[in-house]
Amino acid sequence: MQAFRNYLLTLLVTSVLVSVCVLQRYHAAYPGTVGPELDDSISTQYRDAISSQQPEMVVLGDSMVQENVDAEALASRLGRSVYSIGYPGSSSAVWYLIVRHEIAGAPVQPRTLVILFRDTMLTQPSHRISPFGDQAVDVFASMDDSVVLERAFLNQINPLGRLMEAYVPFYSSQGAIQAEVSQALRYGSASWIMDCSRKCVDDGVLTVLGRSRMTSETVHQEVVSVEGPLYSARALDFNARLEESFLPEIVRLCRENNIELIFVRSRKQYYAGMPGEPRGLQAYLGALQEYLNANGAAYLDMNGDPRLVPAIYTDPIHVSAQGRQVFTQVLTDLLAPLLSASQ
Amino acid sequence: MNFTSLDFLIFFLVVFALYWLARERRWQNALLLAASYLFYGWVHPWYALMLGASTLADYFIARGMTARPERKRGLLWLSLLINLGVLGFFKYYNFFGPALVSSLNSLGLEADPLLVRILLPAGLSFYTLKKLGYILDVSNGTLKPTHTLLDFALYVSFFPQIVAGPIDRPRSLLPQLEATRVWKAEYFHRAWPLLVMGLFKKIVIADTISSIVSRVFGLNHPNLVLILPATLGFTLQILADFSAYTDLSRGIALLLGFETTENFKNPYLSLSPTEFWNRWHITLSTWLRDYVFFPLRRALMRSKRALPDWVIQSAPPLVTMLVSGIWHGAGWTFIAWGGMYGVLIVLYQLAGLRGEWKPQGRIKVFFAWLVMCTFIAFGWLLFRSHSLAWAFQALFSNPFLSTLEEQAVGLTTLSLTIFYSAPLVIKLLMDRHLRPDSYFHAFYYAAATLAVIIFLNASTSDFIYFQF
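If you're matching them up, the sequences are chains Z and B in order. Note that numbering that gives the first Met the number 0 has the first sequence beginning at 0, numbered continuously upward. Note that numbering that gives the first Met the number 0 has the second sequence beginning at 0, numbered continuously upward.
Please note: incorrect hints may appear among the correct ones.
In silico contact screen, one side only, chain B against chain Z (beta carbon under 8 Å); selected entries [stated by the list, open to error]:
no.: 1; residue: R189
no.: 2; residue: A190
no.: 3; residue: Q348
no.: 4; residue: E405
no.: 5; residue: A407
no.: 6; residue: V408
no.: 7; residue: L428
no.: 8; residue: D430
no.: 9; residue: H432
No farther apart than 16 Å at their CA atoms in a straight line, the calculated lysine to aspartate or glutamate pairs in the EDC-like style are these [as the list claims (entries may be wrong)]:
no.: 10; chain 1: Z; residue 1: K198; chain 2: B; residue 2: E177
no.: 11; chain 1: B; residue 1: K303; chain 2: B; residue 2: D289
no.: 12; chain 1: B; residue 1: K71; chain 2: B; residue 2: E177
no.: 13; chain 1: B; residue 1: K183; chain 2: B; residue 2: E258
no.: 14; chain 1: Z; residue 1: K198; chain 2: B; residue 2: E404
no.: 15; chain 1: B; residue 1: K143; chain 2: B; residue 2: E177
These are calculated hints, taken from the structure and not from any lab test. This structure is a prediction, so every number in the text was calculated from the model and none was measured. For every residue, glycine included, the Cβ atom is placed at its ideal position computed from N, Cα and C.
Construct the complete structure from the given sequences, taking the supplied hints into account.
Shown next as structure tokens:
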């Protein structure tokens, strides 16, 4: 009893002291705001590129676009200028922000937008988003992106988490504290012992522990762990997830700006943690296709193509350099009839 | 359901409240059984179905052993066949999976490697040993089978233990299930330090260090500069992770009025391999000792053909440690890991350094500890590696050919390992030199609680031992 009483008392005192220190150090307000604070500094890198290059078509997606799609080959085969935006680690929240600020917000907009996605990504607003803040969202969001705050962040914080974010400063500042501890350990020893600068350490981590140096099993497991939430029973319920997702917003923005919108479901080699295609996925895709057709957007699927064999993949999502040509050709063959029909 | 998830917190609070409100033992056990099956089948309901079927089989086999003693032997074999068959199928199917894929490919059939991958149900290895322990005890006549299916089913599926132990023996847990339990404040006072330490070790230490350790162990061709610090990191990670699970399991069981067995007693302070296995995963070690080591030694000693003494002395530890390796996983790395300990135990025995051996003098103790620590770390390198070739290639690479970037990553890994092992060393010193109700302890637990809140994340990774 005495031990527990001592513990409670000490916990109370240290909590107050640590809270005061955290509030001072990170200039945080008390009670804090729930979710990350968005500022008005916003990237214009893609908008500038689109303005200067004036492409007829933009291909948007995550690292799959960056690594699997050869934009130049796609452009020459389709006879259209193509600009590709493959933002590694991104998902529908970031895609919505890019569509809003960089594509629909560009002075000259592309005629067609192709979004390359996997399975339920379009209706998973917080997929790949940390509830404590996301670097990609910070880059593309402005202060008036409350819809991102609500759907990508606040929706995934439970009531207890909300309370703690508001009233426990060392909980709401956990991202900053963890980063500070990690940086001190990462950079401190390297600079002290080896005279290795921050850049030297960061480059080291990127090159030495990069995906290209990992075993295929490791990459596979990482993909499985990231993609697992895409196949939960909740994620596969299209109608329940639609309204809280960014899909209606993306469709609306493209319609308002007369941008032809095409969604292409990419082929993935293995399904996260399950022996075959998850049960319920086909029903989900049917509902998605129906929704897109009803709202003036097109839906294409790379999954039926026999050319996308396992041999061209380096992991469940990405293809090899050789596979890139095959992947691009499959994408071209899917897009070509649709584009010629719309011309 | 993971002990560190919000789902589990809500689940446990509901179970805890209903459990102590129920008061009557039978209702309490029924509630715990329902909760255990819900817990176990949370992600994959078929896990619970399989558990239920195998529990029923062993319950009736044990009853049959007492009802028809003349059939005891046959029934024992039946139980061994069912339990080891199921365990072997799920555990070793993947071992032969790649061979199956290449055979299919050679026949012109395209086989997706994941299609031939059977997912090992979490905790199967643990509850199989629990059931086997029960059947073997009943078969030996050292335990009377329980007449209540409810109690037996709960003994097997008890949710604080089902996924990763401790592998409590029927003689220790069944009487507690059969006894009336009334809430005592003592349960809480003994449980809270275990819960705080369990959360701290898992969330702050194991999960943090695992991020860099798993990257290095995921490399195609790491070199010595990378693998040595990562091995030390994994040595810390596996202790923190597994002992965290045990602490949480014991703390949760205590809150329900159960005393479960301690699994770790500062294993990295061991001076010999035998001592290590007396301190590491104690419930597995004692299980293997009682059901593999002793029976094998007895059989060898009573063998009709007089066997040389070295065979009688060497074979039991070697076989027991190989069984331990195979139990941990299907792969040559696990077999080598178990085999290494078997060989070490035999070598220490030959050198006259048996389990009770203690060197005289601090310098000798230090060197004995250093040697054992090196073996332990080397063992973890084998355990964590993809293959033996991978491990030896990394170990025998030339460290002088490493790049500055690799040295920086190696140093970072080492810094993280030292930093995150410090709290465990401090705790060890405090436990040795200070009273448990001292303010230092209170401050330590308070700091650990704050650290848990700071490191609390939405996505806590699974405990390592879930996969065994």
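Let me make sure I understand: some of the numbered hints might not hold for this structure. Which ones are they, in numerical order? Structure breaks hints 1, 2, 3, 7, 8, 9, 10, 11 and 12.
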